[in-house]
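Enquirer: What follows is each chain in one-letter form.
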Amino acid sequence: MTEEKSEIVIELDSVEKSFGTQKVLDGVSLQVRAGTTTVIVGASGQGKSVILKHMLGLLTPDNGRVVVFGQDMAKVSKKQLSAIRSNFGVLFQNVALFDSMSVYDNVALPLRERTDGKETDIRNNVEEKLALMGLEDHGGKFPAQLSGGMKKRVGLARALVLNPKVVFFDEPTTGLDVSKSNEIYRLFFGTQARLNYTAVIVSHDVPKIFKLSDRVALMVDGKLQESMSPEKFQLSDNPLIRSFVLETMGPIYSSEVEESRLYETL
Amino acid sequence: MKIIAVIGGETLRFVELVGRFGIFLFTTLICALAPPYKLMPIVKQVRFIGAQSLFVIAFTGLFTGMVLSLQGYYTLTKFGSVGFLGAAVSLSLIRELGPVLGALMVVGRAGSAICAEVGIMRNSEQIDALECMAIDPYKFLLAPKLIAGLIAMPLLTCIFDVVGIFGGFLVGVELFDVSAGAYFQGMYSSVVWHDIEMGLIKSVVFGLLLVWICAAKGFFLHLERDGGFGAEGVSRVTTSAVVLASVSILVCDYLISAVLL
Ligand SMILES: Nc1ncnc2c1ncn2[C@@H]1O[C@H](COP(=O)(O)OP(=O)(O)O)[C@@H](O)[C@H]1O
Ligand SMILES: [Mg+2]
Numbered sequence: 001m002t003e004e005k006s007e008i009v010i011e012l013d014s015v016e017k018s019f020g021t022q023k024v025l026d027g028v029s030l031q032v033r034a035g036t037t038t039v040i041v042g043a044s045g046q047g048k049s050v051i052l053k054h055m056l057g058l059l060t061p062d063n064g065r066v067v068v069f070g071q072d073m074a075k076v077s078k079k080q081l082s083a084i085r086s087n088f089g090v091l092f093q094n095v096a097l098f099d100s101m102s103v104y105d106n107v108a109l110p111l112r113e114r115t116d117g118k119e120t121d122i123r124n125n126v127e128e129k130l131a132l133m134g135l136e137d138h139g140g141k142f143p144a145q146l147s148g149g150m151k152k153r154v155g156l157a158r159a160l161v162l163n164p165k166v167v168f169f170d171e172p173t174t175g176l177d178v179s180k181s182n183e184i185y186r187l188f189f190g191t192q193a194r195l196n197y198t199a200v201i202v203s204h205d206v207p208k209i210f211k212l213s214d215r216v217a218l219m220v221d222g223k224l225q226e227s228m229s230p231e232k233f234q235l236s237d238n239p240l241i242r243s244f245v246l247e248t249m250g251p252i253y254s255s256e257v258e259e260s261r262l263y264e265t266l
Numbered sequence: 267m268k269i270i271a272v273i274g275g276e277t278l279r280f281v282e283l284v285g286r287f288g289i290f291l292f293t294t295l296i297c298a299l300a301p302p303y304k305l306m307p308i309v310k311q312v313r314f315i316g317a318q319s320l321f322v323i324a325f326t327g328l329f330t331g332m333v334l335s336l337q338g339y340y341t342l343t344k345f346g347s348v349g350f351l352g353a354a355v356s357l358s359l360i361r362e363l364g365p366v367l368g369a370l371m372v373v374g375r376a377g378s379a380i381c382a383e384v385g386i387m388r389n390s391e392q393i394d395a396l397e398c399m400a401i402d403p404y405k406f407l408l409a410p411k412l413i414a415g416l417i418a419m420p421l422l423t424c425i426f427d428v429v430g431i432f433g434g435f436l437v438g439v440e441l442f443d444v445s446a447g448a449y450f451q452g453m454y455s456s457v458v459w460h461d462i463e464m465g466l467i468k469s470v471v472f473g474l475l476l477v478w479i480c481a482a483k484g485f486f487l488h489l490e491r492d493g494g495f496g497a498e499g500v501s502r503v504t505t506s507a508v509v510l511a512s513v514s515i516l517v518c519d520y521l522i523s524a525v526l527l
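Residue numbers (my numbering), protein chains in the order written: chain A, 1 to 266; chain B, 267 to 527.
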């Protein structure tokens, strides 16, 4: 992992954000480097989704700066913002599939709206992505007819269909059982190896695969604790990180055997 | 002191609302005019707003014409001038009732659906998802609806008028023995292009108004004062969109009539 040398794709610089009287982000700083996987963890309601929305330009900070691809998200024109976002793929917390469109049309939409490709090219691309997610037989279904895990996979297919440079995952495995969430992470690492994107993952617990990420940062009380490598994170003597690790990871790595078996399947 | 604060707050809110809706309309119109042009989304919306309202429009048109004829006959016999029945029915339909009742029916049928659809998309982050995919929701979602409203409403109004005049004919001629010739002669000699023009202008304005208000209400669901969250938020905002659109149509109807008369 040569992360220290790669360029900075996203930079948050003391970002502050309040909703009414509630201060959700209180000076959040973070750098995301190209090609790396950054995991932001923290209990529910700590403002992780809000951080993500700042990166996406859906929210603007009250104070501080959000810089993506070298451009300040608060100062770009609508056109530039759209150009920046055309490098993004997003898997929303509630997936946000277009519920009046079939699975196939959901995945095809970015291609239809953003490229001039012929319908046959689009078909090939969409079918490839659906097959990658193991959804080849479900293209004709509507989102309401899918299970939670399938929805997430459709969301992932939609996020990846234009080969984005940066992919954001908001709680990609929340609400899924263990085997389903392992499957999502397996798909994630599989596609990242192939498409080579930068990933920002937000999660309310430490994902089992967090050792495969490059940076982990903990969100507590509107502040992001310094991000560090997963090995250091697990052994950190920062009391906030320690208690979070103990609370959410305690039972997961109950045995070395179990842990190594998990990584084998990925 | 408190009362001044309340008045001030409400005024600010109102100004903000008007500004937001104004920018919404402006942006949507710009997006509608800017290339690339895609026909299919517009056709789909014309089908939804227009074709699928046909039955309701024809039905209301028929009964409006029939009741106009009924009431008109009753009144006109008092003055012994049932010969004006055709003129009375067709003028009321073309100048007023066609555009207004037609638009009110479309608000109820299509406007509410537009508001709920856009509102649910806002609520479930589908609009955020569109933006993050660098797909402009104004261009992709809203412009086709607005254009379709502008196309469908005049057509529906024409159908309303024609069916209404036929309904008047049924009651006047078939039921009350007004002569068919007198009914149509009265219509031909009294309806001039200006009347039809007025009806068409009204229908275009109402079409714009109803899509604009209903779509914007749904689109800005998250900015509603008492929180437009969840199913209840959508239902509340849809109700208020229907009321606001209907009232605006009636107010605009008066204004246009006063200006064009
Ligand atoms: N649009 C909003 N308006 C008001 N409050 C919000 C909004 N979005 C988030 N919040 C508040 O910000 C806090 C953090 O929310 P969120 O980022 O969704 O938490 P999480 O870390 O679970 O993703 C919550 O207390 C939430 O109520
Ligand atoms: Mg969240």
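These aren't lab readings, by the way, just hints derived from the structure by calculation. Some clues are possibly wrong.
Said to hold, decoys possible - Mimicking DSSO-like on lysine-lysine, the simulated pairs with C-alpha atoms at most 27 Å apart in a straight line are:
| id | chain 1 | residue 1 | chain 2 | residue 2 |
| --- | --- | --- | --- | --- |
| 1 | A | 165 | A | 78 |
| 2 | A | 118 | B | 310 |
| 3 | A | 118 | A | 165 |
| 4 | A | 211 | A | 151 |
| 5 | A | 165 | B | 405 |
| 6 | A | 165 | A | 211 |
| 7 | B | 304 | A | 78 |
| 8 | B | 304 | A | 141 |
| 9 | A | 118 | A | 141 |
| 10 | A | 180 | A | 141 |
| 11 | B | 405 | A | 78 |
| 12 | A | 165 | A | 151 |
| 13 | A | 211 | A | 223 |
| 14 | A | 79 | A | 118 |
| 15 | A | 223 | A | 23 |
| 16 | A | 165 | A | 180 |
| 17 | B | 405 | B | 304 |
| 18 | A | 180 | A | 151 |
| 19 | B | 405 | B | 310 |
| 20 | B | 304 | A | 118 |
| 21 | A | 79 | A | 165 |
| 22 | A | 165 | A | 75 |
| 23 | A | 211 | A | 180 |
| 24 | A | 141 | B | 344 |
| 25 | A | 75 | B | 405 |
| 26 | A | 211 | A | 232 |
| 27 | B | 268 | A | 79 |
| 28 | A | 23 | A | 75 |
| 29 | A | 223 | A | 75 |
| 30 | A | 79 | B | 405 |
| 31 | A | 141 | A | 151 |
| 32 | B | 405 | A | 118 |
Enquirer: State for each hint whether it applies.
Expert: Here's how the hints hold up against the structure:
1. A/165 with A/78: Between residue 165 of chain A and residue 78 of chain A the Cα gap is close to 20 Å, so the pair holds against 27 Å.
2. A/118 with B/310: The hint holds at about 21 Å.
3. A/118 with A/165: holds, 23 Å
4. A/211 with A/151: Answer holds: residue 211 of chain A to residue 151 of chain A is near 26 Å, not above 27 Å.
5. A/165 with B/405: Status holds; Cα separation ~25 Å.
6. A/165 with A/211: Holds: residue 165 of chain A and residue 211 of chain A sit about 22 Å apart, inside 27 Å.
7. B/304 with A/78: holds, 21 Å
8. B/304 with A/141: Holds. Residue 304 of chain B to residue 141 of chain A sits at ~25 Å (cutoff 27 Å).
9. A/118 with A/141: holds, 23 Å
10. A/180 with A/141: Roughly 20 Å between the alpha carbons, so the hint for residue 180 of chain A and residue 141 of chain A holds.
11. B/405 with A/78: Satisfied, since the Cα-Cα distance of roughly 13 Å is no more than 27 Å.
12. A/165 with A/151: holds, 22 Å
13. A/211 with A/223: holds, 23 Å
14. A/79 with A/118: At roughly 25 Å apart (the allowed maximum being 27 Å), residue 118 of chain A and residue 79 of chain A satisfy the hint.
15. A/223 with A/23: With a Cα-Cα distance of about 10 Å, the restraint between residue 223 of chain A and residue 23 of chain A holds, given a limit of 27 Å.
16. A/165 with A/180: Roughly 25 Å between the alpha carbons, so the hint for residue 165 of chain A and residue 180 of chain A holds.
17. B/405 with B/304: With a Cα-Cα distance of about 10 Å, the restraint between residue 405 of chain B and residue 304 of chain B holds, given a limit of 27 Å.
18. A/180 with A/151: Cα-Cα ~12 Å, so holds.
19. B/405 with B/310: Between residue 405 of chain B and residue 310 of chain B the Cα gap is close to 15 Å, so the pair holds against 27 Å.
20. B/304 with A/118: Satisfied, since the Cα-Cα distance of roughly 15 Å is no more than 27 Å.
21. A/79 with A/165: With Cα atoms ~18 Å apart, residue 79 of chain A and residue 165 of chain A stay inside 27 Å; holds.
22. A/165 with A/75: holds, 22 Å
23. A/211 with A/180: holds, 19 Å
24. A/141 with B/344: Not OK: residue 141 of chain A and residue 344 of chain B at ~65 Å, beyond 27 Å, violated.
25. A/75 with B/405: Given that 27 Å is the threshold and the Cα spacing comes to 22 Å, the pair holds.
26. A/211 with A/232: Cα-Cα ~10 Å, so holds.
27. B/268 with A/79: Judged against 27 Å, a Cα distance of about 44 Å means the pair is violated.
28. A/23 with A/75: holds, 23 Å
29. A/223 with A/75: holds, 24 Å
30. A/79 with B/405: This hinted pair holds, its Cα atoms lying about 13 Å apart.
31. A/141 with A/151: Measuring from Cα to Cα gives roughly 11 Å; hence the hint holds.
32. B/405 with A/118: holds, 21 Å
Checked against the numbered hints listed earlier, the structure breaks hints 24, 27; every other hint is satisfied.
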